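Protein chains: 2
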Amino acid sequence: MQKKRIFRGLLVSACTAVALGLSAPTFAGDYDQYRDMFEPLPALPPIPADNSLTDEKVELGKFLFFEPRISSSGVISCATCHNPALGWGDRIPRAVGHDGQVGERNSPTVLNSGFFEAQFWDGREDDLEGQALGPIQDAVEMAMPLEEAIARLEEFPEYIDMFDAAYPDYDGDNVVNTDHVAKALASFQRTLNTPNSDLDRWLVGDEDAMTEQQKRGMALFADNGCVACHRGPALTDSNFHQIQVPGSEDKGRYLVTGEERDKYAFKTPTLRNVALTYPYMNNGETETLKEAIEIMGQEMLDTDFTEDELEDIEAFMHALTGEMPDITIPALP
Amino acid sequence: MQKKRIFRGLLVSACTAVALGLSAPTFAGDYDQYRDMFEPLPALPPIPADNSLTDEKVELGKFLFFEPRISSSGVISCATCHNPALGWGDRIPRAVGHDGQVGERNSPTVLNSGFFEAQFWDGREDDLEGQALGPIQDAVEMAMPLEEAIARLEEFPEYIDMFDAAYPDYDGDNVVNTDHVAKALASFQRTLNTPNSDLDRWLVGDEDAMTEQQKRGMALFADNGCVACHRGPALTDSNFHQIQVPGSEDKGRYLVTGEERDKYAFKTPTLRNVALTYPYMNNGETETLKEAIEIMGQEMLDTDFTEDELEDIEAFMHALTGEMPDITIPALP
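Residue numbers (full-length UniProt numbering), protein chains in the order written: chain A, 1 to 333; chain B, 1 to 333.
Derived by calculation from the structure, the hints in this document are not laboratory data.
In this text, all values refer to a predicted model and were calculated from it rather than measured experimentally.
Hints may contain errors.
[Unchecked claim] Once the Cα atoms are required to be at most 20 Å apart in a straight line, the calculated DMTMM-like pairs of lysine to aspartate or glutamate come out as:
| hint | chain 1 | residue 1 | chain 2 | residue 2 |
| --- | --- | --- | --- | --- |
| 1 | B | Lys263 | B | Asp126 |
| 2 | B | Lys290 | A | Glu158 |
| 3 | B | Lys251 | B | Asp138 |
| 4 | A | Lys290 | B | Glu158 |
| 5 | B | Lys290 | A | Asp138 |
| 6 | A | Lys251 | A | Asp138 |
[What the hints assert, rightly or not] Far from chain B, some chain A residues (derived; all Cβ distances over 12 Å):
| hint | residue |
| --- | --- |
| 7 | Leu44 |
| 8 | Ser72 |
| 9 | Arg124 |
| 10 | Gly134 |
| 11 | Ala151 |
| 12 | Val175 |
| 13 | Glu212 |
| 14 | Glu259 |
| 15 | Gln298 |
| 16 | Asp326 |
[What the hints assert, rightly or not] Not the full set, but computed from the structure, chain B residues with beta-carbon under 8 Å of chain A:
| hint | residue |
| --- | --- |
| 17 | Phe66 |
| 18 | Val75 |
| 19 | Ala85 |
| 20 | Ile92 |
| 21 | Gly100 |
| 22 | Pro330 |
| 23 | Ala331 |
| 24 | Leu332 |
For glycine and all other residues, C-beta sits at the position ideal for the given N, C-alpha and C.
Sequences are here, hints too, so could you generate the full structure?
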């Protein structure tokens, strides 16, 4: 049974295997060839030249991330939908924000988001600095005009001191400004990484870090071509692919670019910590990991995975859960 | 100036001083007599006989406290209004809950609430077990029928295991039940205490734990009779007193008892950590500590504190900030 499955997998994804210069495994347990198809998660993502990562910015960013008073109601913070207790997501289908309004899309986890080269499901921002100010202003999220958010922060001498410490070379008039808020939030988020998953430890040589089932799942994941899009350190190509998951009419990236090829296209989501970030897909209508794998097989690969294959891939998905960042709750002013 | 103020304070509150068996201080710096008027905060509040405090119940209670999925929207938890980042309160005038609805009253901190002998502003519950289930069901708070909250928790094998561990002697059918939810939440809250404030350390003999100004404030607080209601380990008598603060038409405890004497009566709030739990009063309309002290002087004591007196009492209020409980964010299932 096992041999047959791996053999079938190799046939189905022959193109991928050839493209990646793979040779067939010499025996069923030989997974070494897959090591080159994955990347261990670095300790930190790339840091932009104009936003150096400093302790002071990270600390300020943490305060702002947990700060509900920069929302219109005063009770919604970044941490409401990107809840550290819930894998830095919210584990409900679609985000619930200001006045209980329900958004159009599932809240993505912010874990490892510094590794993404596009932000939001539709990539409407390139980087975390661009992303950070969106939810504060969005009418169905925090619903707060930026100038009011800034004014609220300026009421606190503690915040002014923290902004001064984070931007010591700033010589303008108002150190509490939207650019500095965005840079601090981005800096904090760049520290929210989850290294040392079972996969990462296997990649650097710990043979026992993954179970045999997880290794089979890894082989299936690679051989079937999942890795074509879910690749790189965060297991996303940060690119956009057309997909219409059950229940979704969302036109996705088309709403940003207006280009026909982007209709129903969404950014490949990270698979790191995917076992923690249910429910799945842009509309959050897929409840379990196994269903998500099944749908992706059908929609993207035109493949009906067998029950055993689904279970193996699901086991591999659990190998992508890393060490959660050790964040203490800040004492806000 | 200082002598005059203390002298005046003693005159004003002569009845209180006599009632408490105090003699006049022999010199301005002699605060020893005030030691008996305050109580250091014990490490734990009284534990009820039918809800022993165990690690398993406290851990379960912590999970439930941070669990937004027992709210109707899926995003509001106990920690939304009793936010550990905000002194375990919310620092807005009145609680914002389900669908952005605004409640009638200011969210009280849950810190040291195990020491209260009445719960809620109107004392409609006696203990934390009674209190715990209220906000889950309240239509303007978490808006979740209890049976649905229980059903959601039962979806998680992890929660069933935690309830089993917390109630090992339970031999009924459904270990995930409202009684067990209430007892776990109450148990967790009984661990949220803030010992070792400046006052506490002074009370046990550290003369330098409070500044001279704080000691003057303490004397004013005692001599003017504030301590008549703000007494005991949590600086509340857990009793009800008529007060109409600016902007409030709230009939308070009358809505619970229907008794005339309870009209506009509210429970004496704790003063522990009062510097962290702004804004103040049942309607949260009082923004600063100094205003709150001024209003209390006028409303409850018929006293107009001088500016110096207000500042001294305010300084003393800061001596009531204790060590915050060291809570890590739980990783919810």
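Hints, verified against the model:
no.	hint	verdict
1	B:Lys263 / B:Asp126	holds (19 Å)
2	B:Lys290 / A:Glu158	holds (19 Å)
3	B:Lys251 / B:Asp138	holds (19 Å)
4	A:Lys290 / B:Glu158	holds (19 Å)
5	B:Lys290 / A:Asp138	violated (36 Å)
6	A:Lys251 / A:Asp138	holds (19 Å)
7	Leu44	holds (22 Å)
8	Ser72	violated (9 Å)
9	Arg124	holds (23 Å)
10	Gly134	holds (18 Å)
11	Ala151	holds (15 Å)
12	Val175	holds (22 Å)
13	Glu212	holds (24 Å)
14	Glu259	holds (34 Å)
15	Gln298	holds (26 Å)
16	Asp326	violated (8 Å)
17	Phe66	holds (5 Å)
18	Val75	holds (5 Å)
19	Ala85	holds (5 Å)
20	Ile92	holds (4 Å)
21	Gly100	holds (3 Å)
22	Pro330	holds (6 Å)
23	Ala331	holds (7 Å)
24	Leu332	holds (5 Å)
Going through the hint list in order, the structure does not satisfy hints 5, 8, 16.
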